[in-house]
Amino acid sequence: MRSTLRLALLLGATVASLAFAGSALAAFGPKLVVSSAAPQAAGGGGPTRIGVTVPNSDDPTFRAAIYIPTGYQVATASAGKLGDVTATAAAADLGGAVLPLTGELDAIAPTPATATAAAQCQVSPSQTWNLQLTAAGQTLNIPMFVVAGTAAEAAAGYQTKLVVCLPPPDVPAGTPGRAQFGAKLLSASFSVSAITQPTATGDYRWTSLWTPYVPTAGRPNPAGSVEVQALRHIPTQVKLTVTKRKVTTTVRKRVKGKIRKVKQVSTLVRFSSTVTANGAPAASAKITTTAAGKRVGGASGSFRLAAGKSATVKSTAVVDSDTGSVATGQPENAAADLFFHDLGAGGCVATPAVSGGLPCADATVGGETISATSVVKGFK
Amino acid sequence: MKRLLAVLALAACPVALAAGSPGVTPTTITIGGTVPITGPAALFGSVGRGADAYFKYVNAHGGVNGRKIKYIYRDDAYDPAKTVQLTRELVENDHVFAIFDTVGTDNTVATTDYLNAAKVPQLFAGTGTARVGDNFKSHPWTMGYLPSFRAEGVVYGRAIAKTAGAKVAVLAEASDFGKDLTDGLKRGLGAKSSAIVSSQQYQPTDTSIESQMSTLHASGANVLVLNVTPQYAILAYLAAHKLGWHPRIYVSSVCISPNVMDIIRASVGAEVNGSQSIAFVKDPTDQTFAKDPVVALYTSILKKYAPGAKPSDVYNFYGMGVAYTMVDALKHAGKSPTRASLLKAAQHLNEVNPFMRAGVKIATSPSDYYPISKAQPVRYDRVHWVAVGPLVSARG
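Those sequence lines, one after another, are chains A and B.
Per my numbering, numbering through the first sequence is continuous, rising by one, with the last residue being 638.
Per my numbering, numbering through the second sequence is continuous, rising by one, with the last residue being 398.
Please note that a few of the clues may not be correct.
Covered by chain B, per the in silico footprint, the following chain A stretches (three or more residues, Cβ under 8 angstroms) [claimed, not checked]:
#1 351-364
#2 383-393
Examples of chain B residues lying across from chain A (beta carbon under 7 angstroms, computed) [what the hints assert, rightly or not]:
#3 Leu45
#4 Ile236
#5 Leu237
#6 Gly310
Derived CB-CB ranges, DEER-like [stated by the list, open to error]:
#7 B:Ala272 - A:Arg512: 52 to 62 angstroms
#8 B:Ala272 - A:Gly432: 28 to 38 angstroms
#9 B:Phe291 - A:Ala406: 23 to 33 angstroms
Note that these hints are calculated values from the structure, not bench results.
Quick reminder that beta carbons are idealized off the backbone N, C-alpha and C, glycines included.
Let the hints inform the model, and build the full structure from the sequences given.
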């Protein structure tokens with residue numbers, strides 16, 4: 259059944275290739291997402307979170323080179339854990355089931371195996387990192403190489419890149435070098451303490467070059483390569499403005515058996531929040547405001563405080579998280595996904611020094627959740 | 003002179019022991035087993051690693067009666083022919099004292115004649131088949147560990163029999179494992195056994211079960227019983243999902259490790275909710291057991307003796323549970339253990355095993371070769387198996 263399907267797909271692809279001979283036909287639409295590993299500090303800084311996603315229907319990934327823009331600091335990491343990793347992969351050996359993978363990113367000393375992988379990946383790494391992932395009791399080790407950019411890449415603002423090469427998942431079982439479980443990468447996100455965000459304000463454009471495999475052939479398809487990018491606006495901030503006004507009302511109350519007019523004091527609190535990304539309004543932000551832990555509104559609104567009471571007003575903004583996410587493989591904990599705002603091809607600015615003129619297919623803005631608080635003391 | 007003779011006699015003692023009990027020296031006891039680290043049941047591979055970690059922990063705390071346990075486990079890729087070959091090597095080349103926790107029903111059955119002829123204890127094999135549990139007279143040297151597959155099938159059959167309008171489809175491995183579960187299901191259904199509207203089998207080497215699943219779907223069944231191993235459980239859930247088929251699913255207890263369920267959940271989403279099974283070991287990933295001391299012990303043992311092993315892979319936990327029983331049996335085999343004394347100890351277990359759920363005791367007798375007598379019906383709810391009702395019998 260599966261062979262028939264594969265054959266049909268292959269035939270379909272062949273016919274399409276003939277019909278559109280000369281064009282880059284491969285279905286390959288990866289996305290790169292960059293955010294912060296922890297809520298962004300007002301002035302930037304802190305570890306970085308990087309995510310990638312590839313649709314299940316796309317050709318398998320052979321190589322991904324992620325270029326780190328100038329301004330980010332890449333430390334030479336001593337051996338040890340750099341961050342956590344989650345990933346998903348479709349396992350051909352399990353009927354295409356989605357493997358949720360978890361593990362960590364480690365800095366390691368090069369080994370003969372990583373040296374071989376670096377040679378196959380055609381890189382001379384300055385550091386060797388390892389994505390150690392487990393699924394179904396099996397451990398998958400994927401070397402990640404930290405590589406100095408070429409002179410042209412450095413001149414374009416990319417002095418360092420991360421390079422990963424993956425084994426082919428869709429060659430026949432038993433083929434040497436085939437991916438374990440026939441696992442095809444669908445998504446991965448990892449935090450990395452060795453890459454710290456800039457403290458200087460600015461729009462930082464990460465870029466990446468992706469090369470797929472020729473489907474079922476197990477050989478790279480350089481002509482199918484695409485450039486995709488991720489933008490970081492630093493700082494991305496929420497500004498909460500809170501004002502208060504004393505409100506005095508007169509109410510009738512029974513006091514010692516008689517109806518009397520009594521003055522009551524309360525505080526009218528007005529709030530409004532704005533989100534800026536490197537000084538400009540954020541493309542997408544969803545704001546909720548709470549007072550003393552209870553929701554009191556969205557980006558703006560008001561509420562009353564009783565006399566003498568105080569409350570912490572908190573504005574929480576979910577920024578640039580409206581289009582999609584890099585799945586962690588934990589559907590019950592969707593909040594753990596790395597969300598993004600997709601700018602599409604129109605948001606992508608080609609980097610010839612990286613892509614050599616290949617298509618610039620997509621750009622995203624990495625999502626994050628930020629907040630601001632203010633304590634309001636009510637009038638007496 | 004007398005003193006010299008006494009010294010010589012003492013010195014000769016360990017040699018005599020070693021000669022009398024293969025695999026036993028004054029300082030070590032060597033046991034061996036086979037585990038599918040690769041192949042179609044590689045998901046069970048962590049059983050060996052978990053057991054090994056537990057033995058190392060026991061060794062670090064003085065061993066058993068002063069001896070360290072040396073555990074040799076080899077990858078049989080779930081292929082009974084390889085199990086036979088590797089088991090023979092363990093007995094004849096490695097001179098193991100006993101075979102421990104052979105994983106797999108066919109793998110166990112394939113080696114019982116040889117081991118019983120050689121009078122080598124084959125203890126706590128990873129099977130609940132009647133061909134082992136009921137054959138204690140003809141094959142006394144072989145004892146399984148899992149709850150009886152037949153009893154497990156009975157539990158599902160009884161539960162389904164209470165459901166009006168149930169039309170049952172069964173997918174089963176073509177083995178004693180699948181047969182026992184299906185026989186038990188029919189027995190549990192009793193007068194309602196005609197509710198089974200379709201049955202399909204697969205070979206443990208099959209790479210696809212799509213045609214079987216299509217046939218089962220076409221039967222119009224609204225209940226699906228999966229008498230299968232983990233890989234095929236994943237394939238079955240995925241196939242049902244692709245077919246748009248949403249039956250109530252009963253899945254064999256050998257499949258319910260969180261790391262298997264994680265894959266199913268990531269693949270089919272909420273459709274996995276409501277699945278039913280039975281459980282006998284605690285789930286170290288479940289908040290219900292978060293404060294259980296054995297979970298902290300399990301995590302610390304894994305961290306120290308099996309670095310890189312994932313605590314959510316409950317086959318590690320099961321491996322430790324069965325290793326706990328093996329240590330218990332070795333202790334009761336005495337300070338000068340023989341294969342016969344080990345077998346006798348295994349036939350007289352009366353153990354509260356901390357890795358098992360409350361109320362699930364490990365008990366045996368010379369005529370009771372099912373160490374686990376009770377199990378807990380469970381239902382899958384979002385991320386965990388939740389206990390449903392009281393413990394039920396898991397005897398043959």
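Hints, verified against the model:
Three residues within the 8 angstroms Cβ limit are the bar, and the segment 351-364 of chain A against chain B gives 9, so the coverage statement holds. Coverage of the segment 383-393 of chain A by chain B holds. Counting CB-CB distances below 8 angstroms, 3 residues qualify, and the rule asks for three or more. A hinted interface residue such as B:Leu45 counts as satisfied when its beta carbon comes closer than 7 angstroms to some beta carbon of chain A; here the least separation is about 5 angstroms, so the hint holds. With its C-beta approaching chain A no nearer than about 5 angstroms, B:Ile236 sits inside the 7 angstroms limit, and its interface hint holds.
At a threshold of 7 angstroms, the smallest CB-CB gap from B:Leu237 to chain A is about 4 angstroms, leaving the interface hint in force. A cut of 7 angstroms between beta carbons decides the hint on B:Gly310: the least distance to chain A is about 6 angstroms, and the hint holds. A C-beta distance of roughly 56 angstroms is found between B:Ala272 and A:Arg512, which places it inside the suggested range of 52 to 62 angstroms. Checked against the hint of 28 to 38 angstroms, the pair B:Ala272 and A:Gly432 passes, with Cβ atoms roughly 36 angstroms apart.
Between B:Phe291 and A:Ala406 the beta carbon distance is about 49 angstroms. The supplied range of 23 to 33 angstroms is therefore violated.
The earlier numbered hint that this structure contradicts is number 9, and it is the only one.
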